[in-house]
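As given, the protein sequences belong to chains L and P, one line each in that order.
Quick note on numbering: the first sequence equals residues 310 to 512 in this note's numbering.
Quick note on numbering: the second sequence equals residues 79 to 279 in this note's numbering.
In short, the hints are calculated from the structure, not lab data.
Worth double-checking, as some hints may not be accurate.
Unchecked claim - Computed, partial: chain L to chain P, Cβ under 10 Å:
(1) V365
(2) E447
(3) K488
Stated by the list, open to error - A few chain P positions that, by computed beta-carbon distances, are all more than 12 Å from chain L:
(4) G84
(5) H85
(6) A93
(7) G101
(8) Q105
(9) L111
(10) C114
(11) A123
(12) N163
(13) D164
(14) A165
(15) V166
(16) A168
(17) S237
Everything numeric in this text was worked out from a predicted model, so none of it was measured.
Glycine is no exception: its CB is placed at the ideal position from the N, C-alpha and C atoms.
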Amino acid sequence: MLAGSDWACTSDEDLARGAASGSQDAYSELVRRHSKKLLNLAWRMTGSQEAALDAVQEAWLSGWKGIRSFRGEAEFYSWMRRILVNGINNEFRKRSRRAALVSLDRSMDSEESGEPLQVEDEGADPQDIVGRAETAREIGQAVVRLPDMYRVVFLLRETELMSYSEIADVLGIAEGTVKSRLNMARRMLRETLSEEVGSARFA
Amino acid sequence: MKRESGHLDAETLGAYIDGELHGPARQAAADHLRVCSVCRETASALGAPGSAARQVQAPEWNVEALVARVEAGISALEAEGEAVNDAVAAGRRRTVERAGVARWTGSAGREGSAGREGLAGREGSAGLGDLAGRAARWVKSRRRSALGFAAAAVILLVSLVGAAGYVYRREMIAQDRVLVDSHYIIRSGNAGALLVSYPGR
Ligand SMILES: [Zn+2]
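Please put together the full structure from these sequences, using the hints given.
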């Protein structure tokens, strides 16, 4: 049993190989290394910390079951991110089927119960900080309110900085679809924001 | 690519700011943006939601609590795997199905007990390991009790058959006696003895 710090010089690929041959310690180190980014993505996708923790935990368990299929041709983080995004997407699909039976408005309300989004305070001008904080908080909430398929594409592009082809690959859709969904997401966000913030900021 | 107005459409502008336009298309867009302030405005408006989204500060995560949850989950998976392997080795399909049930109950327990506590930063792993062990033991104990049940059923069946046979034989013997006795009584001409000897019949 090695402590976390002893793995510092071991690459993700070697850790994954260790995990594939049964080392739970090696796998735990991978969990330690990559969970923060995965949690941030899951939190942006779901809008809830609790849902994000559950989704990332499930993703890590799926990763353990499939670790032998990780061949190292992609980065380990990308490999895990794909598992996470697919897992959350499946939840979205289940939820939208349920929502179709119940009521869309109610399901949206229950999803919004998360903690208020916070914004990093950088920059000198207090007026500017307040302005940016408001915009970012409103954006965060507007993103959570986007229909699932637009939100996922928007986040993979704008916060994960993935290329259109990577997004298409992960989601199993055409690049043209990525392009049009992204465009739709941006248009909806602009409209939401110009209503809430006032047209001046995005004119 | 260009709208009737002569400006670039939003999808093209979006692809441009995403670095997804290549070759002549990229050149044409760049040339137009250089001379058109309307499209420059639109492009920066298209990029604004994304840069605002990147500024939203993520929560502080308790990664160690998550590591503990994942480790406990993996232990439970491994325990399950062993239970299933045991069952397969023994060639008992029904036990495999039971292990499936244990897996389901195990994961339900995981959500319930460790889920929320793990989030609060408490150590949930001991309880989870325990749960995994309990699930495995449950499978084994169910297998034992199934064997016990089968044995008891066989014993019960055998004794029932035995008892039934015994009762039947007694009945036959009694009937034989009645026949023999009545035959004797009738032959001996003492019909009254028939009623005296078998008052209940
Ligand atoms: Zn223009």
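Cross-check of the supplied hints:
1. Because the closest C-beta pair between V365(L) and chain P is about 7 Å apart, less than 10 Å, the hint holds.
2. Residue-level restraint check for E447(L) holds (minimum Cβ-Cβ distance to chain P is 8 Å; threshold 10 Å).
3. With a least beta-carbon distance of about 6 Å to chain P, the hint placing K488(L) at the interface is held under the 10 Å criterion.
4. With a least CB separation of 19 Å from chain L, G84(P) remains clear of the 12 Å interface cut-off, as annotated.
5. For H85(P), the non-interface assignment is confirmed: its Cβ lies about 15 Å from the closest Cβ of chain L, beyond the 12 Å cut-off.
6. Not every CB of chain L is more than 12 Å from the CB of A93(P) (nearest about 6 Å), against its label as outside the interface.
7. Separation of G101(P) from chain L is adequate, the least Cβ-Cβ distance of about 15 Å exceeding the 12 Å criterion.
8. Distance check on Q105(P): its Cβ is at least 19 Å (rounded) from any Cβ of chain L, clearing the 12 Å threshold; non-interface status holds.
9. No beta-carbon of chain L is positioned within 12 Å of the beta-carbon of L111(P); the least distance is around 17 Å.
10. Taking the minimum C-beta to C-beta distance to chain L, about 16 Å, the non-interface status of C114(P) holds against the 12 Å cut.
11. With a closest Cβ-Cβ approach of about 5 Å to chain L, A123(P) is found to fall inside the 12 Å limit, against its non-interface label.
12. The claim that N163(P) lies off the interface holds: its Cβ sits roughly 14 Å from the closest Cβ of chain L, which is beyond the 12 Å cut-off.
13. The non-interface label for D164(P) is consistent with chain L: the shortest C-beta to C-beta separation is roughly 18 Å, beyond 12 Å.
14. The beta carbon of A165(P) sits about 19 Å from the closest Cβ of chain L, which is more than 12 Å, so the claim that it is off the interface holds.
15. Distance check on V166(P): its Cβ is at least 18 Å (rounded) from any Cβ of chain L, clearing the 12 Å threshold; non-interface status holds.
16. No Cβ of chain L comes within 12 Å of the Cβ of A168(P); the nearest lies about 24 Å off, and the non-interface call holds.
17. Listed as a non-interface residue, S237(P) keeps its Cβ farther than 12 Å from every Cβ of chain L; the least gap is roughly 49 Å.
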